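K.L.:
Sequence:
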Amino acid sequence: MKNINLNDPTIRKALLEKLSGLPTPPRRILEELTVHEGKAIADVVAVHQTPHCYEIKGEKDSISRVIIQGKYYDAAFQKITLVTTERHLDTALRIAPPHWGIMLARLKRDSIIFRYIRKAKKSPSFQSQTALLTLWRSELIELAQFYCLNKPEKLNRQELSENIAHKLSKDSTDIEIAKKLTARIYKTTKSRSM
306 MKNINLNDPT IRKALLEKLS GLPTPPRRIL EELTVHEGKA IADVVAVHQT PHCYEIKGEK
366 DSISRVIIQG KYYDAAFQKI TLVTTERHLD TALRIAPPHW GIMLARLKRD SIIFRYIRKA
426 KKSPSFQSQT ALLTLWRSEL IELAQFYCLN KPEKLNRQEL SENIAHKLSK DSTDIEIAKK
486 LTARIYKTTK SRSM
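The opening residue of the sequence shown carries number 306 in my numbering; numbering runs sequentially from there.
Just so you know, the hints here were simulated from the structure itself, not pulled from any lab data.
Any given hint could be a false lead.
Below 27 Å or equal to it, Euclidean Cα-Cα: the simulated DSS-like pairs (lysine-lysine) are [unchecked claim]:
| id | residue 1 | residue 2 |
| --- | --- | --- |
| 1 | Lys413 | Lys365 |
| 2 | Lys376 | Lys475 |
| 3 | Lys427 | Lys323 |
| 4 | Lys485 | Lys424 |
| 5 | Lys475 | Lys318 |
| 6 | Lys318 | Lys485 |
| 7 | Lys475 | Lys344 |
| 8 | Lys475 | Lys427 |
| 9 | Lys318 | Lys376 |
| 10 | Lys426 | Lys318 |
| 11 | Lys424 | Lys323 |
| 12 | Lys424 | Lys365 |
| 13 | Lys376 | Lys344 |
Each pair of labels, with its calculated beta carbon distance range [said to hold, decoys possible]:
| id | residue 1 | residue 2 | range |
| --- | --- | --- | --- |
| 14 | Ser325 | Ile372 | 28 to 34 Å |
| 15 | Tyr491 | Lys318 | 16 to 22 Å |
| 16 | Ile309 | Pro330 | 20 to 26 Å |
| 17 | Asp415 | Arg442 | 41 to 47 Å |
| 18 | Ile309 | His353 | 39 to 45 Å |
| 19 | Leu394 | Ser416 | 18 to 24 Å |
| 20 | Lys427 | Ser367 | 22 to 28 Å |
| 21 | Ser325 | Lys413 | 15 to 21 Å |
| 22 | Glu391 | Thr339 | 28 to 34 Å |
| 23 | Glu337 | Gln463 | 31 to 37 Å |
| 24 | Pro330 | Lys427 | 17 to 23 Å |
| 25 | Lys427 | Arg399 | 29 to 35 Å |
Source: prediction; values computed, not measured.
Cβ atoms here follow ideal geometry from the backbone N, Cα and C, with glycine treated the same way.
Starting from the given sequences, assemble the full structure and let the hints guide the process.
P.N.:
Take a look at the structure:
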């Protein structure tokens with residue numbers, strides 16, 4: 306029997322395989338996505354019709370960081386799921402916002418299996434403008450041009466996101482973000498897609 310540690314890299318690898326193997330897999334899976342002007346980094350983002358953030362807390366991770374990270378994820382994503390281990394489950398249930406999904410990662414016969422403790426619901430703290438700042442300036446300019454904003458190339462990211470947020474509903478904003486993240490091309494391997 307192999308000695309498998311339930312740490313972030315091990316859980317992440319299994320989670321990526323699980324998401325990729327869904328009957329309807331995400332259009333794209335991103336890792337280490339910077340959100341909220343760099344105040345937080347989403348471990349895994351599965352892009353379906355809208356982005357879904359997965360925050361991983363392995364055996365030796367500090368789960369209390371979820372309290373700080375949570376406010377940033379809540380503003381940037383409509384759906385968030387905390388993926389953790391049996392060791393952190395009681396704390397996760399106590400400190401994770403009630404609309405967050407919680408997924409338990411555990412070992413079974415030398416492999417990691419996942420079980421939903423609760424499914425994610427829409428974040429009541431989602432803010433279109435903050436979510437739009439997940440996009441690069443070039444992506445925001447494309448969106449602004451599509452929605453007929455005047456001279457978007459003269460605006461900074463903050464102004465672009467503010468103007469776009471005023472034009473679109475929260476759900477429409479999230480769908481547009483998903484489209485841009487799906488089409489995104491990276492020049493480095495920092496954030497990768499599957």
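K.L.:
CA of Lys424 to CA of Lys365, is that 27 Å or under?
P.N.:
24 Å, holds
K.L.:
Verify the proposed pairing of Lys413 with Lys365, using a straight-line Cα cut of 27 Å.
P.N.:
19 Å, holds
K.L.:
If you check the beta carbons of Ser325 and Lys413, does the distance land in 15 to 21 Å?
P.N.:
Taking Cβ atoms as reference, Ser325 and Lys413 lie about 19 Å apart, which means the hint holds.
K.L.:
Checking one constraint from the list: CA of Lys424 to CA of Lys323, max 27 Å. Satisfied?
P.N.:
Holds: Lys424 and Lys323 sit about 16 Å apart, inside 27 Å.
K.L.:
Is Lys485 close enough to Lys424, meaning Cα to Cα at most 27 Å?
P.N.:
25 Å, holds
K.L.:
Is Lys318 within 27 Å of Lys376, Cα to Cα?
P.N.:
26 Å, holds
K.L.:
Keeping to a limit of 27 Å between CA atoms, is the pair of Lys426 and Lys318 held or broken?
P.N.:
Within the cut-off at roughly 24 Å; holds.
K.L.:
Taking only the CA atoms, is the gap from Lys475 to Lys344 under or equal to 27 Å?
P.N.:
21 Å, holds
K.L.:
Against the range 20 to 26 Å, how does the distance between the Cβ atoms of Ile309 and Pro330 compare: consistent or not?
P.N.:
With Cβ atoms ~24 Å apart, the hint holds.
K.L.:
Straight-line Cα separation of Lys376 and Lys344 no greater than 27 Å?
P.N.:
10 Å, holds
K.L.:
A range of 39 to 45 Å was offered for this pair. Does it hold for the Cβ distance of Ile309 and His353?
P.N.:
At roughly 29 Å between Cβ atoms, His353 and Ile309 fall outside 39 to 45 Å, so the hint is violated.
K.L.:
At the C-beta level, are Glu391 and Thr339 separated by a distance inside 28 to 34 Å?
P.N.:
With Cβ atoms ~30 Å apart, the hint holds.
When the structure is compared with the earlier hints, violations turn up for hints 5, 18, 23, 25 and for no others.
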